[in-house]
Amino acid sequence: MPLRPLLFAAAILAFFAAPQLLPEFYLFQICLIAGTALAVLGLVVVTGLAGQISLAQSAFVALGGYGASILAASWGVPLWAGIPVVAVVVAGLGFLLGQMTLRVAGHYLALATLAVTAIVQLALIHWEALTGGAAGMAVPPFEIMGRALTSGRELYYVIVPVTALFILTAQNLIASRFGRALTAIRQSETAAEAMGLDVLRYKAAAFAASAFLGAVAGGLLAPLSTYLDPAQYGITYAIYFLAIAVVGGMTSPTGAVIGSAVFVLLPNYLQAFQSYLGLVFALLLLGFIVLRPNGLSSLPWLRQAGALLHRTTGPKP
Amino acid sequence: MLAQVLVSSVTAGAVYALIALGFVLIHKGTGVVHFGYGDQVTFGAYLVLIAQMAVTGLPFWPAVFIALVVSALLGALIYGGFMWPLRNASLLAKIIASLALGTVLREFVRAFMGPNAWPFPFLLSQTAVPVGGVLVVPANLAIVGVSLGILAILFLLFEKTLFGKAIMAACDNRIGASLIGVRVSHVFLLIWVVASVLATVAGVLVAPLLTLSPDMGLIGIKGFTAAVLGGFNSLPGAVLGGILLGILEALVGTYISSALKDMISYGILIAVILIRPQGLLGGLLVKKV
Numbered sequence: 002m003p004l005r006p007l008l009f010a011a012a013i014l015a016f017f018a019a020p021q022l023l024p025e026f027y028l029f030q031i032c033l034i035a036g037t038a039l040a041v042l043g044l045v046v047v048t049g050l051a052g053q054i055s056l057a058q059s060a061f062v063a064l065g066g067y068g069a070s071i072l073a074a075s076w077g078v079p080l081w082a083g084i085p086v087v088a089v090v091v092a093g094l095g096f097l098l099g100q101m102t103l104r105v106a107g108h109y110l111a112l113a114t115l116a117v118t119a120i121v122q123l124a125l126i127h128w129e130a131l132t133g134g135a136a137g138m139a140v141p142p143f144e145i146m147g148r149a150l151t152s153g154r155e156l157y158y159v160i161v162p163v164t165a166l167f168i169l170t171a172q173n174l175i176a177s178r179f180g181r182a183l184t185a186i187r188q189s190e191t192a193a194e195a196m197g198l199d200v201l202r203y204k205a206a207a208f209a210a211s212a213f214l215g216a217v218a219g220g221l222l223a224p225l226s227t228y229l230d231p232a233q234y235g236i237t238y239a240i241y242f243l244a245i246a247v248v249g250g251m252t253s254p255t256g257a258v259i260g261s262a263v264f265v266l267l268p269n270y271l272q273a274f275q276s277y278l279g280l281v282f283a284l285l286l287l288g289f290i291v292l293r294p295n296g297l298s299s300l301p302w303l304r305q306a307g308a309l310l311h312r313t314t315g316p317k318p
Numbered sequence: 211m212l213a214q215v216l217v218s219s220v221t222a223g224a225v226y227a228l229i230a231l232g233f234v235l236i237h238k239g240t241g242v243v244h245f246g247y248g249d250q251v252t253f254g255a256y257l258v259l260i261a262q263m264a265v266t267g268l269p270f271w272p273a274v275f276i277a278l279v280v281s282a283l284l285g286a287l288i289y290g291g292f293m294w295p296l297r298n299a300s301l302l303a304k305i306i307a308s309l310a311l312g313t314v315l316r317e318f319v320r321a322f323m324g325p326n327a328w329p330f331p332f333l334l335s336q337t338a339v340p341v342g343g344v345l346v347v348p349a350n351l352a353i354v355g356v357s358l359g360i361l362a363i364l365f366l367l368f369e370k371t372l373f374g375k376a377i378m379a380a381c382d383n384r385i386g387a388s389l390i391g392v393r394v395s396h397v398f399l400l401i402w403v404v405a406s407v408l409a410t411v412a413g414v415l416v417a418p419l420l421t422l423s424p425d426m427g428l429i430g431i432k433g434f435t436a437a438v439l440g441g442f443n444s445l446p447g448a449v450l451g452g453i454l455l456g457i458l459e460a461l462v463g464t465y466i467s468s469a470l471k472d473m474i475s476y477g478i479l480i481a482v483i484l485i486r487p488q489g490l491l492g493g494l495l496v497k498k499v
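Chains as they are written, first to last, in this note's numbering: chain A, 2 to 318; chain B, 211 to 499.
Derived from the structure by calculation, the hints contain no laboratory data. Please note that the accuracy of each hint is not assured.
Below 25 Å or equal to it, Euclidean Cα-Cα: the simulated SDA-like pairs (lysine to any residue) are [to be verified]:
id : chain 1 : residue 1 : chain 2 : residue 2
1  : B       : Lys-471   : A       : Val-163
2  : B       : Lys-471   : A       : Leu-123
3  : B       : Lys-238   : A       : Gly-107
4  : B       : Lys-471   : A       : Leu-94
On a predicted model such as this, the values are computed, not experimentally measured, just so you know.
Start from the sequences, fold in the hints, and give me the full structure.
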């Protein structure tokens with residue numbers, strides 16, 4: 002039975018039905034999940050697939066959000082054009098940062114990317130003329146063809162398809178030449194090099210991809226939150242993304258969505274324990290990394306569902 | 211003016227040095243870089259406050275003693291509960307676990323002690339005493355003294371005692387060390403206990419100088435910078451790196467711009483990692499295939 006086309010049809014149906022059936026609150030949450038998942042997807046590529054730890058995802062998201070907003074506020078570039086432009090520039094920065102991995106790995110890479118996040122946050126706070134300083138800045142509305150998308154219900158039509166597109170691309174990338182090269186590098190850099198892979202270029206490309214995805218996510222989350230606060234884009238945010246990736250499943254693009262859904266929806270069910278929320282997230286991260294380092298997407302029944310999908314799409318015997 | 215800036219900056223430097231010593235101790239002793247160490251420092255200071263809350267009317271010093279004992283237990287828990295089960299896990303998992311440990315401690319403090327700052331008493335007088343034309347604060351001197359004292363003790367331990375050699379052997383080659391009779395798990399347990407106690411000592415000294423809030427642990431990144439600058443495996447390097455960083459920050463803050471002060475330390479961190487990853491006093495690390 003052709004399961005995959007059926008599932009696609011169901012997904013498209015659900016996509017158009019959701020705005021008709023769900024109230025604004027849930028659509029906003031879906032947008033938040035999608036935007037967060039996109040940022041985490043970057044981490045899945047660079048840390049999950051290529052094995053290079055990165056605490057710079059927070060910086061990329063900040064640069065994407067601020068970059069697109071500043072372009073729109075100061076030069077009148079609409080967000081739909083500004084976000085891709087900024088994302089390409091940030092991807093270039095990510096590529097440069099990736100060059101660092103020639104000399105740096107493991108602990109030192111974690112430290113260096115941590116420092117990048119700290120530097121970007123400080124720059125956002127102190128470059129007041131451009132960023133509004135510690136007070137933050139308002140995000141111009143996302144306008145398409147003269148129509149401003151302001152609510153979660155309207156932004157839904159932008160954020161969810163973009164995220165779905167990148168998740169599918171990443172899913173297909175895993176089995177491609179690029180994806181297999183990254184996996185080889187994660188498992189043994191020396192062996193990958195011996196096989197003739199240009200290890201540095203692949204690692205830098207992985208960083209560029211993570212920066213690109215982070216910047217797009219930042220650009221899309223900015224009009225959703227309507228306000229950028231530099232205090233948000235610190236080391237805690239970088240660890241938040243890492244926690245989502247670990248809980249969802251470090252090597253799985255769908256894991257990024259599952260993890261984001263857990264972290265965005267959980268606060269709704271813990272309203273009585275608002276002040277313990279940070280502790281719950283931290284304990285989740287610690288528990289998963291010790292007990293189930295491959296995350297939720299490695300749960301047996303989820304794996305079986307995934308295998309079922311692949312079996313139906315694989316070559317027929 | 212310059213002399214005063216230098217004298218004051220040494221205090222900040224000693225704070226960094228104290229935290230860097232903990233990093234180096236754990237890394238030299240167990241091969242793990244503990245990314246949550248800064249939060250453990252904060253947690254140590256909060257332990258004193260928690261002890262005073264639990265037992266009403268408890269004076270300061272007994273509370274410090276209780277905090278030290280509890281942090282020793284915490285160190286044992288970290289090793290037994292997390293680092294030992296993860297001993298064969300990938301480096302990535304270890305890094306994330308240590309980050310997670312720090313986040314748990316920070317969020318624990320935020321959840322139970324609130325997000326706002328707490329007052330914390332100074333150990334010694336804060337009144338400045340003029341010494342040869344510059345003002346010296348006894349409370350700050352204590353930090354410098356304690357950092358140097360801890361450096362001396364750790365240095366003697368590693369360089370002069372058989373136990374220190376056992377630690378180095380255990381870290382260098384776990385199997386080899388256990389073959390010649392070193393109880394590797396005991397050695398690692400002890401390192402974690404000592405480093406955790408050290409974190410609380412640092413926390414008690416540092417808390418009155420900085421603001422004691424859940425986010426004080428972010429000072430840890432300065433400790434990293436100091437440790438990296440000095441050479442991650444060198445104890446004297448940690449102290450040298452800390453004090454150098456303190457002086458550099460003070461000079462930049464005074465003469466160039468206070469906004470650049472923090473950025474300079476992160477810039478140094480990246481530059482040292484790229485240009486001289488072994489630091490000022492560290493030995494060259496050869497990567498084996």
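_25 Å Cα cutoff - pair Lys-238(B), Gly-107(A)_ = 16 Å, holds
_Proposed proximity, Leu-123(A) with Lys-471(B) (alpha carbon, max 25 Å)_ = Judged against 25 Å, a Cα distance of about 10 Å means the pair holds.
*Satisfaction of hint between Val-163(A) and Lys-471(B), Cα-Cα up to 25 Å*: 40 Å, violated
*Given the hint that Lys-471(B) pairs with Leu-94(A), does the C-alpha gap stay at or below 25 Å?*
Roughly 24 Å separates the two Cα atoms, so the pair holds.
The structure shown violates just one earlier hint, number 1.
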